[in-house]
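Given next are the chains, with one letter for each unit.
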Amino acid sequence: MKASFIIPRPILAKQPGAGISELASLMLACRDDAHHHLALRSYWTEKQNMIEQKITNIVVIGIGGQGALTMMEMLALGAEIAEQDVRVLSRVSLARLGGAGVCHVRLGPCSSPAIPAGEADILLTLEMSEVLRALPMARQGARAFVNCYRRLPIAAGVAGRRYPAREEIEHALAERGVNSLFVPEHLPGEMYVGGQDSIACAGEGLEREAERVNMIMLGVLCGATELLPRPALEEAIALRLPRLTAQNLQTFAAGWQFAKKVQQRA
Amino acid sequence: MVNFLTTPGKRLFLTGDEAVARAALEVGVDVATGYPGNPSTKTITALLPLAQTQQMTVEWSVNEKVALEVAAGAAWAGKRALVTMKMSGINVMADSLLSIAHSGVRGALVIYAVDDVGTYYGMVEQDSRHYARLASLPLLMPASPEDAYVLALRAFQLSEETGAPVFLLATTSVANAITTLKVNKLGQRPASRPASFPRDLRKFTKATPQWCLEQHADALLRLEQAGELCAQSPVVNRVLPSRTVRPRLGVVVAGVSFTYLEELRARDPESYGELAVLKLGQVYPLPRQLLRDFLKGLKRVLVLEELEPLIETELLAELAEMGQRTEVLGKRRNGLPRVGDYTIELVQRALDELLARSVAKTAQGSEQVVQAGRVEQGGREIKGLNQSVQPEQKLLPLARTLEFCPGCPHRMSYYALNQAIERLGFAQDEVITTGDIGCTIIGMNAPLDTCWTEVSMGASIGIAQGLKQAGIERPIVAAMGDGTFYHNGIAGLLNAVQAGVNLTLLILDNSRSAMTGMQPDAGTGKRADGEVSVRANIAMLARGCGVEYVRRLDPYQLEETIETLRDAMQYSGVSVVIAEAPCTTQGLLIQPELVQIDQQVCLAGRGCEDTPCYHKVGCPSVLLSLDDLRPRLSIDAATCVSCGLCAAACPFDAIKPLKTEQPAVVGRVSTRDMLQD
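Protein sequences appear in the order of chains A and B.
Our numbering numbers the first residue of the first sequence as 1 and each following residue consecutively.
Our numbering numbers the first residue of the second sequence as 1 and each following residue consecutively.
Derived by calculation from the structure, the hints in this document are not laboratory data.
Worth double-checking, as some hints may not be accurate.
[Unchecked claim] 27 angstroms max Cα-Cα, derived DSSO-like pairs, lysine-lysine:
1) 182/B / 10/B
2) 296/B / 331/B
3) 54/A / 10/B
4) 54/A / 182/B
5) 656/B / 616/B
6) 185/B / 10/B
The following block holds chain A by itself, in its conformation from the complex (with noise of 0.2 angstroms):
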């Protein structure tokens, strides 16, 4: 006959930050049954803390220079600030461009860096076709946002192959139960407070594009859905991106917007 637990509701108050893993070496002290028993009961006490909180799975997913890296790492930083547990991974190279790039975000606490395959709650895309790419991730149910960008590889282009209809990649979303949004690569000038011209020439050397595309689907994320806290997420921008802040801030405020504006049309 083996023992077993049988596990109370949680009977310690939450500690935040409380390693698992500190309770785990504490294990190897405790050798006699009742020090045993009583470690045991603490350490699951926490496990079931951990199953109780909501862990959200965001897939980024975008082609080299796009910045997904970079806006992975705003939505991990505004987690951070927001105190939100957070774990990231990006396996690929964004350095170059043409290639693709999946990279996992999970808010809440979760051990696993990657996420599971079918438990993604968001696709978040910067390139219209890449959300194919990121489809076998999604949970029954999930949200897409994606962007119309549209980039044929060179590869394909020469090799005569067709870019996916938007329509045809719509009914993929569908079949899969995943609910969509996209958004127009340049957002109408009504979305931004000033209009699109205020961003246009954005000065500082860099004149030649300002309405990037991450801090548009950025602001998407934030409108819709509301996971993270808007302070956050601005603060973070101006952590990450100290030398285009305002610009930048204009183009979240202007994807937030247009998330909005959706919204209320619903």
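Following the hints, complete the assembly by docking chain B onto the known chain A.
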């Protein structure tokens, strides 16, 4: 960019690489060296800006072998040293590694390397734990960034205590994960001993056989000592509690799989809580006594380790010595993969198999094996992962291969090489170009299709010599970047000159290690810490190797480049062509005016069927319309750097400089974004 390493406070948000850097700072590392290579680049990158304020020397060395030798020299003088690299670098430094391992160190030497298990970045998938065995060095293996920090601190301590260089081996899923971790206060820099080095031939030379035997014995002694010190430390190895007082089933786990196991246990303690777990941070030498204590009374044990069954095999040996009949599940008998990385799904299947066997046996009294997967246990469902079967995805994502950036000088050189091959009367697939490591290998992809092989740093020239000596009569070109040439290409060139073969070495010199993040190399003229340095001269190096035909050129001068390459390929002997131009990721314009396609003149789909501006150039800034029925081409003004190659390729002169001032185009991502990382 914010420096995360020294942000005040007890909690820092770091990658595994950076966690190692932070630990190195806390122990007061004196010398840190490395060679860039993802996924291990971020350790040195994080330390570099702090070099001055923390009074340490930090450098990108010319290759991994030199990096190790520099760090070992410092550790011989009694200092604390760190050397970092990706797994391929261990192969490069192996010769010195074994020698230094047998000598030992006087200060501390930690070797931080990352195995790219699952090959997210390309190159050979290898299990570098073998090197610890080969060199008789202790090896610690972290499971997460938190673990990397703790084990790095321990590694320095261990090295200083025993005199053994200590391996700290992470994998991509650990080195590239980011999380918040608790750190110690970064106080005053710990005192380091004044540098001194005693003349001790018995320890630091190898030319006397007897001394070599003594050194070998010493190394094994240090290894044993280190093993014992580690085994006692609860931060290195941990026994996790089971819900059962006397568990019958156990898991021995090392590396990132531990985090998967932790998560599964947290989600479903009913099923997985009854397992006893031994998490090993110390992988070589294994903590034998701890292992024996753990195995006692276990009926069945699962070993979770990526790649080779090293722990599994040692565990079997241990059980045999103990005379204990415990069934071992893992790679040898249960087919857990030796290729690629483990996932949480795979770990769950392995755990279910471990549990299912036990259920099957108690239920039926036989060794019936239940197939891995979802298993009902006495009406109780395992609440692990969502493994419901999804409908098959019909619409698949587009395959994405790496492409040269807009205006990249390498594209110019390869395009010119293809043209030169054509002018010599060959088809492109009749002339072999051996490729090399780094950005330059992107020349293997469509539409350039120039490179044929990729082996290791600088190998293209040796392979080219071999092909030539095998009797291939047509010209052969070896292509490599400047960093690769300095790293390990010079020896190959020297060899080819001595052999007297006919081949052309094309060096694509952008004076940086571009692919890994624009690290400076010997030809940059500036060190990574910002100090001005002496610029190496590739042409003089080639002449010094005995090459008489050396040509330097600007690859943006297309016609000259084609003609020079054509000439070089006909030369009898080794010819070296150096194409010099900086990397274009800065997004700076090469010609003052942007170009655009004049739709009135462009005959795409109306007489110009090849559209060479698209199909031969392969530039991300030349856009093929995705909506029109007839092919319509345009230039993306936001990313184009005006290299002029598409204009040169156009047979109808349809691509012209824009005379009017172009309004700023918003919304596209410039290649400049890359520099922000």
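Quick check: which numbered hints come out false for this structure?
Violated hints: none; all satisfied.
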